[in-house]
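Protein chains in written order, with my numbering: chain A, 1 to 345; chain B, 346 to 712.
Bear in mind the hints are in silico, worked out from the structure with no lab data behind them. Where hints are given, some of them may not hold.
Below 16 Å or equal to it, Euclidean Cα-Cα: the simulated EDC-like pairs (lysine to aspartate or glutamate) are [as the list claims (entries may be wrong)]:
no.: 1; chain 1: B; residue 1: K347; chain 2: A; residue 2: E267
no.: 2; chain 1: B; residue 1: K347; chain 2: A; residue 2: D217
no.: 3; chain 1: A; residue 1: K254; chain 2: B; residue 2: D356
no.: 4; chain 1: B; residue 1: K388; chain 2: A; residue 2: E267
no.: 5; chain 1: B; residue 1: K347; chain 2: A; residue 2: D261
Ranges between beta-carbon positions, derived for each pair [claimed, not checked]:
no.: 6; chain 1: B; residue 1: R678; chain 2: A; residue 2: G338; range: 15 to 25 Å
no.: 7; chain 1: B; residue 1: N646; chain 2: A; residue 2: L17; range: 41 to 51 Å
no.: 8; chain 1: A; residue 1: D63; chain 2: B; residue 2: N525; range: 56 to 66 Å
no.: 9; chain 1: B; residue 1: T613; chain 2: A; residue 2: R246; range: 53 to 63 Å
no.: 10; chain 1: B; residue 1: Q500; chain 2: A; residue 2: S64; range: 53 to 63 Å
no.: 11; chain 1: A; residue 1: G338; chain 2: B; residue 2: Q610; range: 54 to 64 Å
no.: 12; chain 1: A; residue 1: M110; chain 2: B; residue 2: P626; range: 53 to 63 Å
no.: 13; chain 1: A; residue 1: G338; chain 2: B; residue 2: Q500; range: 30 to 40 Å
no.: 14; chain 1: B; residue 1: E657; chain 2: A; residue 2: M110; range: 52 to 62 Å
All values reported here derive from a predicted model rather than from experimental measurement. Cβ atoms here follow ideal geometry from the backbone N, Cα and C, with glycine treated the same way.
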Amino acid sequence: MELQCPMPQLDFEVITLGHGSGGLLTNKLLETGVFDLLKNEYLDQHHDGAIFTLQGPLAFSTDSYVVSPIFFPGGNIGELAVNGTVNDLAMCGAIPRYLSLAFIIEEGLMMQDFWKILVSIKFAAERAGVQIVTGDTKVVERGKGDKIFINTSGIGTLHPQAQISKSRVQVGDRILISGNIAAHGIAILSLRQGLQFDSEIQSDTVNLNHTVVRLLDQFGEKIHLLHDPTRGGVATVLNEMARDTRLGVEIWQKQLPVAEDVYGACELLGLDPLYVANEGIFMAFVAPEVADAALEMLRADENGAQAAIIGEVVEAHPKQVILHSSIGGKRVVNMPLGEQLPRIC
Amino acid sequence: MKYVSEYRDADMVAQYLEEIRQTVTRPWAIMEVCGGQTHSLVKNGILNMLPPEVRMIHGPGCPVCVTPLNLIDKAVYLAEEKGVILCSYGDMIRVPGSKRSLLESKARGADVRILYSPLEAVKIAQENPDREVVFFAVGFETTAPANALSVIHAQRAGVPNYSILASHVLVPPAIEAVMNDPDSSIQGFLAAGHVCTIMGIDEYYPLVDRYEIPIVVTGFEPVDLAQGILMTIRQLEKGEHQLENQYSRVVRPEGNPEAQKVIQQVFTIADREWRGIGVIPMSGYEVRPEYVAYDANIKFNVNIEKVAESDECIAGLVLKGIKKPQECPQFGRGCTPQMPLGAPMVSSEGACAAYYHFSQAMEEVSA
Chain A
1 MELQCPMPQL DFEVITLGHG SGGLLTNKLL ETGVFDLLKN EYLDQHHDGA IFTLQGPLAF
61 STDSYVVSPI FFPGGNIGEL AVNGTVNDLA MCGAIPRYLS LAFIIEEGLM MQDFWKILVS
121 IKFAAERAGV QIVTGDTKVV ERGKGDKIFI NTSGIGTLHP QAQISKSRVQ VGDRILISGN
181 IAAHGIAILS LRQGLQFDSE IQSDTVNLNH TVVRLLDQFG EKIHLLHDPT RGGVATVLNE
241 MARDTRLGVE IWQKQLPVAE DVYGACELLG LDPLYVANEG IFMAFVAPEV ADAALEMLRA
301 DENGAQAAII GEVVEAHPKQ VILHSSIGGK RVVNMPLGEQ LPRIC
Chain B
346 MKYVSEYRDA DMVAQYLEEI RQTVTRPWAI MEVCGGQTHS LVKNGILNML PPEVRMIHGP
406 GCPVCVTPLN LIDKAVYLAE EKGVILCSYG DMIRVPGSKR SLLESKARGA DVRILYSPLE
466 AVKIAQENPD REVVFFAVGF ETTAPANALS VIHAQRAGVP NYSILASHVL VPPAIEAVMN
526 DPDSSIQGFL AAGHVCTIMG IDEYYPLVDR YEIPIVVTGF EPVDLAQGIL MTIRQLEKGE
586 HQLENQYSRV VRPEGNPEAQ KVIQQVFTIA DREWRGIGVI PMSGYEVRPE YVAYDANIKF
646 NVNIEKVAES DECIAGLVLK GIKKPQECPQ FGRGCTPQMP LGAPMVSSEG ACAAYYHFSQ
706 AMEEVSA
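With the rest of the complex left out, here is chain A:
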């Protein structure tokens, strides 16, 4: 569903260097566009920063978004920038509250594209229940950027029952995944490669904070670690966890949820879904006694219909991730080297 807000009448169609100069044009861009759309008591102060009070332990996170193309099936760079930082905070066990929002725009970006991005930022923030309280806009010369880059930073208050830390991962912990893997990376890649499938593969970008809160409300400290497998995919999260905790990980290929079309695209492109990026799922390392209940709860959640228990933390083979293949073999799942490159044959 595409959410709409009418674009204000403007006397310019493209964003130029002047819109980032800090002068009249910048004011015009912000006053007619950004401020109105993202309106809240903090932003309305038009100050150099936001002043607010928060109680208790806080989580703080930042991320930059440079996805190309900026519009893709299932979303655009705007909602990705909100959901990404919201999810990073949620993975800390925090309830996201405030975001900063900074644009680096390449001159020549169509105003209507910028508006579309702003609108999806607005709705993504509303869905996540966060406010955008401070921001920045810079415009760079053509060729010095790629249409638009976005940085968001966020602050959240820790959930009172959350005790999320790598140090809490123990042997026997079950590894849950909240949904189908590899959708975002394949959606982007098929667009770049101009691949057509029977049905369009959609990015999974979504805010996960409400789902995480429900999980923490119910299971609290039994949730030992949360992670969203974005760049580098599930394999990277598992390897980082194994490396840092000096524990082993075993996963079962049969249990890995992959949508049929995404699986087919991975086969075609020569990619391993374990290494493909996700934007709308998370992994939870949970105490074994709550694993089944947590799975049941996730499956009932709007963001968890395809949730599955994919593996377990083990004492054997420390720092190593072993996959039990569907046919009963075993192999090591390594950290990806860099960008996953398609094989020749």
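We have chain A already, so just place chain B on it with the hints.
Just chain B now, kept in the frame of chain A:
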């Protein structure tokens, strides 16, 4: 997924493996020629499901691994010095040349693009008439028809700014080279299914007779590989040597005549250097004189001084199956997928990279 999941059936694989266990009475060394098969054996964990008597030797069928150093240097030169748009299949761009890889060239500002099809490169050439576009046409017989077609297409569509840097190698001469090596211990071959899809199976009969070895044309899925290995073991145990086709759902005896026609139209068979192995007579394709305008080698008159390979890398011995990757003193020490000395440590189809991951798994799993 239809036509795939049937061939990843755990029960079928288990059944073939059980038959292999029951059939085998003594040690056998079988080479899977194709890097795609190596990849599948490792990815599905099949190697450590085989009985200890069956030793799989990973062959030279990794096009990325056998592409000569000099050719990578040429590609780097074209991308950096001649300002061409250098298009390549994905895993080629990470292989180190004597100075650097194409990936590093890209980071330094060269226009290097990863494509899935050479026809995309022709399209890029059409869209950029003021730039030269070169496709790094690497591969075995499998990728040759598409690469040849791109040349035909470019000629028909009148795209003068397109050319290919061809590095095509052929499977049968590689099998000969492996068998002619006095140190070779190979007793049977799994031939590469996709190569035979194009070329058919006839050219393997003489090899079966001359070297008195079983050759089984085999597919790439776990069920294919388990069945192909079983068929080879059965022959070996009976003392037979025949050509069999495990992959008959895809491979017709005559291959794909249309594809062969396209290959013959554009390419001619020539001597070819294999990285780590040396020159194998009549083992590759080069662009025919009629299409010289599309041969980047001639078009740009690239003469790059040949640089000797690192003598620390024993890739040649590994590619012929004479040494196991772990027998290399640099394996896992001076040479890792992060810092490769030679190509077999780079590609996921390369034997060293496969063993690097697999032997790690073995040590840890059995610990």
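Here is what the structure says about each hint:
no.	hint	in the structure
1	B:K347 <-> A:E267	12 Å, holds
2	B:K347 <-> A:D217	42 Å, violated
3	A:K254 <-> B:D356	14 Å, holds
4	B:K388 <-> A:E267	13 Å, holds
5	B:K347 <-> A:D261	12 Å, holds
6	B:R678 <-> A:G338: 15 to 25 Å	21 Å, holds
7	B:N646 <-> A:L17: 41 to 51 Å	44 Å, holds
8	A:D63 <-> B:N525: 56 to 66 Å	57 Å, holds
9	B:T613 <-> A:R246: 53 to 63 Å	58 Å, holds
10	B:Q500 <-> A:S64: 53 to 63 Å	45 Å, violated
11	A:G338 <-> B:Q610: 54 to 64 Å	38 Å, violated
12	A:M110 <-> B:P626: 53 to 63 Å	59 Å, holds
13	A:G338 <-> B:Q500: 30 to 40 Å	37 Å, holds
14	B:E657 <-> A:M110: 52 to 62 Å	55 Å, holds
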